[in-house]
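**Student:** Sequence:
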Amino acid sequence: MTIRLLVSVRSASEALVAVNAGADIIDVKEPNAGSLGCAGAVVINDVVAAVNQRVPVSAALGECVDWMADASAPTADVHSDSTERDLIGPLGHKLQFVKLGLAGMTTIERTAGHADWCREWQRVRQRFPSGGTDVASKTLPEDERALWIGVAYADWQRAAAPPVEHVFQAAIQTGCAGLLVDTFTKDGSSTFDWMDSATLTRLADDCREHGLTFALAGQITQDSIRRILSVRPDILAVRGAVCESGQRRNAIVAERVQNLKGVLTSAGVAH
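Just so we're aligned, residue 0 is where the sequence shown starts under numbering that gives the first Met the number 0, counting upward by one.
It should be emphasised that the hints constitute simulated quantities derived from the structure, not laboratory data.
Model, not experiment: these values are computed from the prediction.
Check before you lean on any hint, since a few could be wrong.
[As the list claims (entries may be wrong)] Across the chosen pairs, the derived CB separations fall in these ranges: (1) ARG126 to SER265: 37 to 45 Å; (2) ASN19 to GLN221: 14 to 22 Å; (3) SER229 to VAL41: 39 to 47 Å.
Here a beta-carbon is modelled for each residue, glycine too, at the ideal position from N, C-alpha and C.
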């Protein structure tokens, strides 16, 4: 089986470094804005143009609560500029995959009287022209619709997010193309500190059984490669592991991308 390497970038220049070093998928996000920090419309457009269809491009759109106009969560003002929202919305036809985090959704459910988190997630998703049941997506050719990736946080309790299994079930029910397991709090702990390899392997198998792509992220390092290979995700998603000094806020380093891709290749599981 092939494990594809996804590298998260914050600029067009980083995207070119990653692609030239062997990344299979480019993901656009801003590490200073959180686990799934949205980089903004201009950066997303610049990355898409720079990559020029050499590899698929995905984008993190922040947390779902960021896009809820009446959200009371602390992160709700991240996208308070309605112009930025309007700009990002139409980008669905330029991206292959899009994703929203679910941090804070269980708190909102309890305190703000919202409908269940899954319904709110779907409501926000309808603002983007992407694959699924929303009206906007149907105006685009099928091959131009971005596909949704469900995001489950391994440290879901700390994130006030739904449990991993609940997100997995919701991803199936709402027509997602895949499931990403990541960590919300970037404090040095990894996905493997919150979920063991056996649980992740079962989840990967369950995803494939239901036609979902399974992506693994969350403070992934080359030291954890043996565990990664035992889980066999479809996609390995990294940023810090390929940044200078292993710090996610530093610049992408080509040699680190090449080394990680080389490890996967030598194990017989990469392109």
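**Student:** Between SER229 and VAL41, is the Cβ distance one that fits in 39 to 47 Å?
**Tutor:** Since SER229 and VAL41 have Cβ atoms about 40 Å apart, the given range 39 to 47 Å holds.
**Student:** At the C-beta level, are ASN19 and GLN221 separated by a distance inside 14 to 22 Å?
**Tutor:** 20 Å, holds
**Student:** Check the following: the C-beta atoms of ARG126 and SER265 are separated by a distance inside 37 to 45 Å.
**Tutor:** 43 Å, holds
In this structure, none of the earlier numbered hints is contradicted; all agree with it.
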